[in-house]
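Chemist: What follows is the residue order along each chain.
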Amino acid sequence: MVESSNNPRDKKLRATGYMLKPLWVTLRTMVRVSLPGHRPRTIMYPWEKSIIPDCFRGRPGIILDKCIACQKCVKVCPTTCIKMVQIEHETLGKVKRPEVNVGRCMMCGNCAEVCPTNAMIVTPEFELASYTRDDLIYDPIKLQHPWKAGYEINYEEQLPSNMKGPAAKKGSMELKDTVCLEAKKCISCSRCEKTCPTGAVKMTDTGEVNEKTKKPIKRPVFDDTKCVSCEMCVDVCPKDCLTMKEAQ
Amino acid sequence: MTEMWVNMGPQHPMTHGLWSLRVKINGEIITDAEPMIGYLHRGWEKMMENRDYHQIVPLADRLCYASSLSWSHLYCKTVEDLLELEVPERAQWIRTLTLEIQRIASHLMWLAAIGTDLGSYTMFLLPMREREMFLDLMTDLSGSRMTTNYPRIGGVRNDLPPNWERDTLRVLNLFEKRLREFEALFDECSAFLMRTKGVGKLSGPEAINLGMTGPFMRGCNVDFDLRRDDPYEKYSEVDFRVCTHPDCDSYARYRVRIDEMYESCNIIRQCFQKMKQGPVRVKSPKAVPAGRAFAHVEDPRGEGLMYLISDGSDKPYRLKVRSPIFVIVSGMPAALIGEKVADIPAIMGMADMCLGETDR
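Those sequence lines, one after another, are chains P and L. Mapped onto the numbering used here, the consecutive letters of the first sequence carry residue numbers 1 to 248. Mapped onto the numbering used here, the consecutive letters of the second sequence carry residue numbers 249 to 608.
Extracted from the complex, chain L is given alone in its bound form (with noise of 0.2 Å):
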């Protein structure tokens, strides 16, 4: 039988943002896959070349839309590294718990995107609700829903208002009620486990080959956390577990960000019990001097890293971003060849494509 290649996208329900999958199948088989990105490039790493340090930071939100915080904080520590500058202690504990706040509306915003993905729409309402909650926690701490610049060069913007810890411990304790509720809904339903497992098998020295990382190839049952294996910030102060799973399946992927989730919650209990009263901003210089450094952090979808060159002036001289999906989205053929078409978005839905960020 003659083998033909499909676009799947860049307009198509299945590709979350501008994108498209050019997939060359043989009769229901998938034989060959090429991801296409490029619709979204908007030049972010050039246009950071004439801002100064100070500007990028509401710029460095616009990368992710499901996850600003952690770029803007991976930013801010990238230029903190250059100048050497200490953050106070209070600082660092409200990025930490700011950033896992962020991890769950993201991982939520992800849950709710697999749900429209596999044909249900309770799936896409109920994780929609629960990020609301979440937003709202960043609304009233920074003014903003989704881009909140938030973190600043040498600490955060304010202190944490007003009764909001309260705020979010309620939230937190309603949120975890509301996960088991999510696990009923998808791990109990043969409808999605049916779609999810045993498809996208990836092993984990492949997914290391490939370069992936973050939840995709923590999946993949590799055990890696750079919060845990290169601690920033204040996770080396935190208990918490990596999650992983055995099953290297699409289920596998979802099963450790749910688990995340959980962790996540545990990990801003810890921050609020450990944080104490104190500064939170530390006046940072407007001139950088010249000299390279880079940052990485664990971002909700996978390694984030910028790489800092400074000549000395008050703009950097180049900023480069690796973007965790454009990595994993190119190795994505790998775990596609061999599958169904219809279980296609089963698993690209797994590597929980923001396009933002993949093509800057």
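This is chain P alone, in the form it adopts within the complex (with noise of 0.2 Å):
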């Protein structure tokens, strides 16, 4: 088909001239990588480890220390991996804490990026093959891993109302969604001071006695520069009285 082509090198170079610079380029780019002085482009894997960013996406991690069990990162999980198990803290006695299950996990890091304290990390941890499914599942004592700056997702957001001003830090109060009780349904039960993983709700007297018990009537309050926007009070609820209001 060559011959139709309007190429005017097709009528000065038959087919051998048209194979030199093709065979030049590959004969130059074999000197060029064997030369002392250029390494190749290759490495010898096992033996030798390629170097990688400290930001690299590998297996999650967990610094327990920091943790407060407050599964928003098994609420964002694309693949549901993570679960939360009972483990014996030497402080605090039975907790709940993270397990992910690494064979299912993508590494998106997504749990690292929503954990309000940086308890979740994504390490540069990527040699995770063995030879059961079990060894996947990490539980929290597994995940540790040593922290090092670089490993936890920090970000800074705007919002929406303020596109002008200084953007906000991960956390910070501007971007905090905040709990909003709806009082004529709530029925004292106090699950939602029971349940908060920062100690952010208190029940409070109100002041009203109930006519029939003649108990008090008491209301949660909430403090906004503790809670850390989990959403564990509202699904807890079960008079659907919380809901979260979303900094605009």
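Please keep in mind that the hints were generated in silico from the structure rather than gathered at the bench. Quick caveat, the model's predicted, so the values are computed rather than measured.
Pulled from the structure, derived: some chain L residues nowhere near chain P, Cβ distances all over 12 Å:
| id | residue |
| --- | --- |
| 1 | 262 |
| 2 | 276 |
| 3 | 291 |
| 4 | 293 |
With a cut-off of at most 25 Å between alpha-carbon atoms, the simulated DSS-like pairs for lysine-lysine come out as follows:
| id | chain 1 | residue 1 | chain 2 | residue 2 |
| --- | --- | --- | --- | --- |
| 5 | P | 215 | P | 239 |
| 6 | P | 184 | P | 214 |
| 7 | P | 21 | L | 425 |
| 8 | P | 170 | L | 563 |
| 9 | L | 294 | L | 534 |
| 10 | P | 75 | L | 294 |
| 11 | P | 202 | P | 212 |
| 12 | P | 245 | L | 563 |
| 13 | L | 534 | L | 563 |
| 14 | P | 170 | P | 148 |
| 15 | P | 226 | P | 75 |
| 16 | P | 164 | L | 522 |
| 17 | P | 75 | P | 239 |
| 18 | P | 164 | L | 534 |
| 19 | P | 194 | P | 83 |
| 20 | P | 169 | L | 534 |
| 21 | P | 245 | L | 534 |
| 22 | L | 524 | P | 170 |
| 23 | P | 83 | L | 534 |
| 24 | P | 164 | L | 524 |
| 25 | P | 202 | P | 218 |
| 26 | L | 534 | P | 176 |
| 27 | L | 534 | P | 75 |
| 28 | P | 226 | P | 176 |
| 29 | P | 239 | L | 534 |
| 30 | P | 169 | L | 524 |
| 31 | P | 148 | P | 49 |
| 32 | P | 94 | P | 75 |
| 33 | P | 75 | L | 563 |
| 34 | L | 563 | P | 83 |
| 35 | L | 563 | P | 239 |
| 36 | P | 202 | P | 176 |
| 37 | P | 194 | P | 239 |
| 38 | P | 194 | P | 176 |
| 39 | L | 563 | P | 176 |
| 40 | P | 164 | L | 482 |
Note that the Cβ used here is the ideal one computed from N, Cα and C, for glycine as well.
Please assemble the complex out of the two chains, which come individually in their own frames, going by the hints.
Modeler: Right, here's the structure in full:
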């Protein structure tokens, strides 16, 4: 089909002339990579590791001291590979901490991104092959990883109402979604107080007294500085009287 | 002479990914062709109906392994259209330049694939080596080589890391030299020219009728590019040429993609010059108002489109994906009929098949 082309070189150079340039490129590359001082493009992998940046997203890791069991990572995981399990803590007793099924994890780093205390981190560990599937389920103890700068994911966000102003850091007061109480529906069960991982909910007396039981009526009061917007109180409320008000 | 059907694939070196091409041959001449897909169907669109809006971003990356960023960007853009959310200036610039880096990486992947299709191992190794430089840039930026999870609804995940601009410009300078080397390797190789010139002829009007888009259509001498004709992000503020080629054959499609890589380098340089400091991310609401939105972008393979229907909850009611390759491969029989069996890799390779987005 070369005859039909209108490239003027076709007439000058026959097929053999056309072979020389690519051969020259190939040979030059071969000489270039084998000269001393020119490192080859491949590495001897199991013996020699490639250099990866600290922000590389490998398996998720956890710093157990920082975790407050807010379950935000469980909610955000697209593959639902994070589960909360009970472990024995030295000072706090029985606590819930995340367990990650690394075999299902797709290393998106979303869990580290939403973590309000930066307890979830992304580690540069990527050699995760194992002989059984049980080995791939990392319990909180196995999930631990030493911290290094760059492992946690911080970002700066802007509120849509404040486009021109300075950006706010992750977890700052401006960006926080706050809990709203619809007091009419509340039955003072104080489940929100019990579930809150940070102790931001306090049941306080309203001064009123229940006419039937003659006991004082209590309503939850939310401390926004402590709140991490984990929505656990919203989920646990039996009467659906709590809603999230998003920062706009 | 009797005609017969021959199956090429699903396990065939010509098929990148899992699909099959049934061709009806009369001796060496193809008289009919029928692409068969569906081996990689994962129910992606249905799966999205029980994920919330923020969880879909990393899953949208999985649509195409070679150009993941353009798909997660397309998804974020669709949701932003529905929310009427304004993305900060700097985030738009960053998106523009990362999309172009992704385009170069994707085209290099195609260039390597076409090398093996036509039986030259050097043509495979050299583009793969250059692609690694761009993947390293993406690793520094987002922490991942291929499935970047970098765009967010309302911006991008993080700002550019320190020294990234310097590294990118160095890579581009080196890459343009290497690209000329590729031209010497491909364009001046008689074997490559003999395989690609004059095969797979498809005229412009025919390509438009079949709904083909992207470099394949521009290789059929149609001057259309969504980046110029329906600009999104910051493409309206950068100068670039829409690459076309008058030959309408496989060689033309190869030329279009090579020229696009040069143009992408220009766009990235312009982005760095025009970019200003500023915020990169806006907080986006969790629940999306009820309504419909669609967005289309110029994917490295063609026009990618997403159509989103929301019912006001925190999960999409329906998310439809229009994949460019699905349309191109459906129209491929028009280019194949009348050609020889041995030319099938040279014609089909120019479509740059990616089954992740085709089957979804």
